[in-house]
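Asks: Quick note, the sequences are listed as chains A and B, same order. In terms of my numbering, the first sequence opens at residue 1 and continues consecutively. In terms of my numbering, the second sequence opens at residue 194 and continues consecutively.
Keep in mind that the hints were calculated from the coordinates and are not lab data. Positions of the beta carbon are idealized from the N, C-alpha and C atoms, including for glycine. Take the hints with a grain of salt, since some may be wrong.
Claimed, not checked - To spell it out: a stretch of chain A is covered by chain B in this simulated footprint if at least three of its residues, at any positions, have a beta carbon under 8 Å from a beta carbon of chain B; those stretches are:
hint, region
1, 25–32
2, 47–56
3, 66–78
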Amino acid sequence: MQPDSLTFIFLNAFIINNFVLAMFLGLCPFLGVSGKLKTAWNMGLAVIFVMLVSSTCAYLINGLLVRFELEFLRLICYIAVIASAVQLVEMTIKKFSPTLFKALGIYLPLITTNCAILGLALFQTNREYNFLQCLAFSIGAGAGFTLALVLMAGLREKLNLADVPSASSGAALSLTLAGLLSLAFMGFAGLGG
Amino acid sequence: MVKDPRIPESLSWDTFLRGLWKENPVFVMLLGLCPVLAVTNTAINALAMGVATTFVLICSGILVSSLRFLIPKQVRIASYIIIIATFVTIADYAIQAISLDLYKALGAFIQLIVVNCIILGRAEVYASKNNIVNASVNALGMGVGFTFALLCLGVVREILGNGSLFGFDLFGPGFQPWGIFALPPGGFFVLAFWLFLFSAVQNRRQKVQHQKETLENAT
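Here chain B stands alone, though its shape is the one from the complex (with noise of 0.2 Å):
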């Protein structure tokens, strides 16, 4: 559905849950895999790398809601791509500047947020038609909602893999941690697991829902 930009969406509590649940990023329209699988080995991974893009998110939302009328259409995904690669940048340097264990965790996954689909995605399907505010709490919803996906695969990587959480041991000394769950393919199975999960409550819904339908049709 294409809006005239002129005429931006109305404020309310769902431009900010969309995000969470209905459009979930990750969940739902399976963008921006790479880091959910790269560094969610650890929760405290999977936390810094959902606030490092929700901070991109929400600057880039606020720079290309701002400049939507002076960015000519032609060039608009190469301005959305400076602009992002900008505050990647900048994040870059601060998280440099907080913590160089977690720099070196995250490895080159937080310069990556640069080719995070989600961000180009926000930026052309939404900042660039609505007003600031709608764009920054769009963002923040859609940032949020990373952020929690991101913890779902970290937690469990986390439990599984290690024994702990957040570094905190959970278990004490006698618990086997399941390996693999810490290496590249639990990465892939815990998504897949997720996503088994969305998509059988989904049907069961849609189920529900039909049933319904077909004996309110017969009364």
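Bound-form chain A, shown alone (with noise of 0.2 Å):
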């Protein structure tokens, strides 16, 4: 596969290079919303979709940043138009589900200081990506983030059955839960090579 291939960037961004198990990318969410499997969903396709947006106002933003030469305020307005994104979502969705707009709770408008949302922009301003590009890779991050969200949820569902010593119950077993995850993400490594 060429590296800046369509199918490529989607691929990496989506299994190989994991924004939250190889990154390090939106873990507070990660840690914290991945408690329930039908809640991990949701939160999933919520990020989704603030991606896409945000990742398609970055792009027709830095155009006109890098036309005026103004790159010093790249990062401000990228806030900028996450937190209005955001705040689109959270209005959609008090609209229509008021019931998960309760269960997403604290974490809907946190996704602001999702670093995955503003990582996902920094990186493709990095990469140089046409606005195509941009596309498939904010598709692939999104789902990548609800992938590694569902998995980690589906198998904390299982674990609050367990019986493991108070220390390490909690968040210290859900980082080991997370590293195992990562080990087996790494296998993808060698895809497409």
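Starting from two chains that each stand alone, build the complex the way the hints lay out.
Replies: Right under this line is the structure:
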């Protein structure tokens, strides 16, 4: 596969360099919202949507900033774009599904400070992707985030029934689990070589 | 607990020490985990990241605290983010000028300091309610606590994964590095280990306390 082909960019963000398990982006929601399978799935969908919107906006804004040589404002502009995209998603979800809105709770506005989203915008700028590549990258990254979140939620639902020493329950156990998942994902490293 | 913003907390050692131990951002509050795991493959990266974050923490703390009567409540989060983003941009360019190698090693994670929840959390919970001196002391404490946590991981991962510390070879050529610890899964495992250690110590302390109390009650 060509390194800049759309398929490769998608697969790379989806499993090879998974945002959560290989690049450590977006760990707060990964540990915070992975308690229940249903919530995790919905959170993943919300993140995919925010990623698509903010990646598109970031691409357009970066074009403008480069044109007027204002690159030092990049970070501030990206953050503003992401915050507005999150606000949009929040209003949509609140309107269409109040139950989902309640289930996601504080983690919905916190998507703003999800480093996966800002990371996505920064990486696509650093790697100088064109518009289609940006789209493939953002869908891949969002899908990868959802995959990691759903896998983790499924494992943790089972783990709730396990009998473990009290000191190792909670965060320590979740992180060990994430480590094992990450180890498994390293197996994809040779893919598409 | 919501405090009246006009009555600042009095300055004490506790303002500083809280961030180091009792409210350690990483080990106790589990905030800002992304950089903790991502840049701690060597101790020097961990230290650089800690210093950069501390710089942003202190500067944004001072600015947020001095503007606390001017920023309207409704737009405060947006204002804090803009303030933080400004200082992160400064730190980003400064590191680029000081050491290009370090800049490349840390990658996008310097710019991602913007979305580190510790900084926004401090601005919202502490700096916006206290005077400038308190805010900067508290930010310094948090920054040192964060750097301490980063070093805890960085040192273990560098020794096990590379057999060196701050770039110096420790064990000589016969050492077989345990490569997995320099890779992503190692980060998860080492952090899990530290958290386990912390909660084990905490549990033990509580147990001793409990035994003492029951003994006192019995006599």
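Asks: Against each hint, give a clear statement of whether it holds in the structure.
Replies: Against the structure, the hints come out as follows:
| no. | hint | in the structure |
| --- | --- | --- |
| 1 | 25–32 | holds (count 5) |
| 2 | 47–56 | violated (count 0) |
| 3 | 66–78 | holds (count 3) |
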